[in-house]
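Visitor: Residue strings, one per chain:
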Amino acid sequence: MNLHWSVVWDNAGALARGTELTVLLTVATMALAVPGGILLALMRLSGSRPFAWFSASLTELFRNLPLLLVIYASYYVLPLALGVAFSPFVTALVALGLNVSAYNGETFRAGIASIRKGQSEAALALGMSGWQAMRVVVLPQAARRVLPVLASTWVSLFKDTSLVSVISVGELAYTAMLIRSRTFRVLEVLTAMAVIYWFLGYPQAKLADWLNRRFGVSE
Amino acid sequence: MSLDFSPLLHSWRFLLGGLGLTLGLAALTVLCSLMLGGAIGLARCYGPTWVRVLLVFYIDSMRSVPVLVVLVWTYFALPIVTGAVLPPFWAGLIALTAQTAAYVAEIVRAGIESVRPGQARAALALGMSRVQAVRQVILPQAIVRMLPAFGSILSIAIKDTAIASVIAVPEYLDRSQTLAGQSFRPIEVYLTAMVVYFIILFPVTRTVDIAYVRLAHLGRS
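If you read the protein sequences in the order shown, they are chains A and B. Be aware that the first sequence starts at 1, since it is given in the numbering used here, and climbs by one per residue. Be aware that the second sequence starts at 1, since it is given in the numbering used here, and climbs by one per residue.
To be clear, the hints were calculated from the coordinates, so they are not data collected in a lab. No experiment lies behind these values; they were computed from the predicted model shown. There may be inaccurate statements among the hints.
[As the list claims (entries may be wrong)] Derived, one-sided and incomplete: chain A residues facing chain B with beta-carbon distance under 8 Å: (1) Leu58; (2) Glu60; (3) Leu61; (4) Tyr72; (5) Leu78; (6) Leu80; (7) Leu82; (8) Ser162; (9) Leu190; (10) Met193; (11) Ala194; (12) Tyr197; (13) Gly201.
From the three backbone atoms N, C-alpha and C, an ideal C-beta is built for every residue, glycine too.
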């Protein structure tokens with residue numbers, strides 16, 4: 001077994017661009033999925049039957065499907081159903097965004113529901129309006145409980161972006177596989193890919209742990 | 001847009017075989033992960049310091065790297081290191097187990113740490129040995145608290161087997177891809193796949209949700 005690690009340095013530029021896209025995809029998906037999650041949580045808590053039902057079914061659907069299948073389905077079904085051809089990147093953003101929105105919606109709903117009813121009742125008794133009670137009393141407390149869960153979702157999302165390589169979005173996993181098939185330096189390139197993911201993912205996982213310790217609730 | 005599901009009807013045996021492989025791979029993954037992860041979790045809590053440091057590094061690394069990367073590395077790169085070629089199914093099982101066991105170990109640790117330290121101290125004060133205290137006092141309470149989380153592992157494992165299609169394990173998603181390519185009916189094939197996965201996963205996640213509510217208080221001390 002002779003290894004040529006130089007192949008990693010020769011392709012450092014491509015790997016860096018792939019890494020960039022992985023990070024961009026993570027940030028863009030979360031930027032969509034936080035408002036998406038808030039919207040789903042509000043629909044769920046709105047008291048309107050159809051809205052609550054829609055939100056709940058969307059959440060259940062995405063919780064119970066493998067993400068890879070959602071990605072393939074978006075890739076093949078979206079263009080035919082909507083009659084518009086999307087770039088792989090946009091398709092990936094839609095699939096990941098829907099998936100993470102569903103999880104975030106559940107996170108926000110649970111966060112708001114975890115604040116005891118007495119809190120909002122006390123706020124109302126003090127003469128606050130319903131919206132004031134929500135904004136001043138419930139949401140600030142819910143935010144602390146939501147933050148650590150959101151951080152864990154972020155780490156999962158960062159890892160899950162690797163799955164969109166199957167619809168040839170040129171992120172890190174796709175780039176590494178491409179270099180592998182071009183150079184046949186399988187062990188070197190795949191190890192480099194794993195190491196890059198590790199260096200990016202490890203601090204994020206540790207940060208999520210810290211947030212869980214700092215803000216996590218144990219009763 | 002007209003839908004034509006006849007290619008699926010023609011190939012139902014082909015798909016059913018894939019479904020069997022999906023469930024078999026998931027079941028084996030969960031079984032191996034519970035055994036390996038249980039051992040890792042116990043060693044991480046009660047082992048000597050150097051073992052703990054090593055296991056924490058392993059667990060955190062598995063939490064930092066995508067399962068796709070572990071799968072691809074195990075299938076393509078590991079044989080270069082070991083010299084032995086792995087069939088896709090076994091490579092899939094090894095990679096999925098390596099990753100899932102790390103999550104199981106974290107569940108085991110969380111369960112053990114959730115038992116108040118006073119309990120272990122009381123057991124020791126009663127003259128129990130450390131092993132007795134763990135076996136008779138801590139684990140019975142901790143395991144009840146772990147049960148719902150083990151249920152989540154099952155649904156995660158079923159979903160993760162789909163990723164094994166990337167290394168051509170002929171499970172349900174892989175066979176769906178093959179069929180979609182041959183029949184030029186991707187929409188029907190993937191819609192069916194969504195229904196199939198949902199029907200399998202929904203009862204699992206529902207049961208786990210109920211288990212969280214029903215079992216959570218049993219381990220309370």
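Visitor: Each hint: holds or not?
Guide: Checked hints:
no.	hint	verdict
1	Leu58	violated, 13 Å
2	Glu60	holds, 7 Å
3	Leu61	holds, 7 Å
4	Tyr72	holds, 6 Å
5	Leu78	violated, 10 Å
6	Leu80	holds, 6 Å
7	Leu82	violated, 11 Å
8	Ser162	holds, 4 Å
9	Leu190	holds, 4 Å
10	Met193	holds, 6 Å
11	Ala194	holds, 5 Å
12	Tyr197	holds, 5 Å
13	Gly201	holds, 3 Å
Hints 1, 5 and 7 from the list above are not met by this structure, while the remaining hints are.
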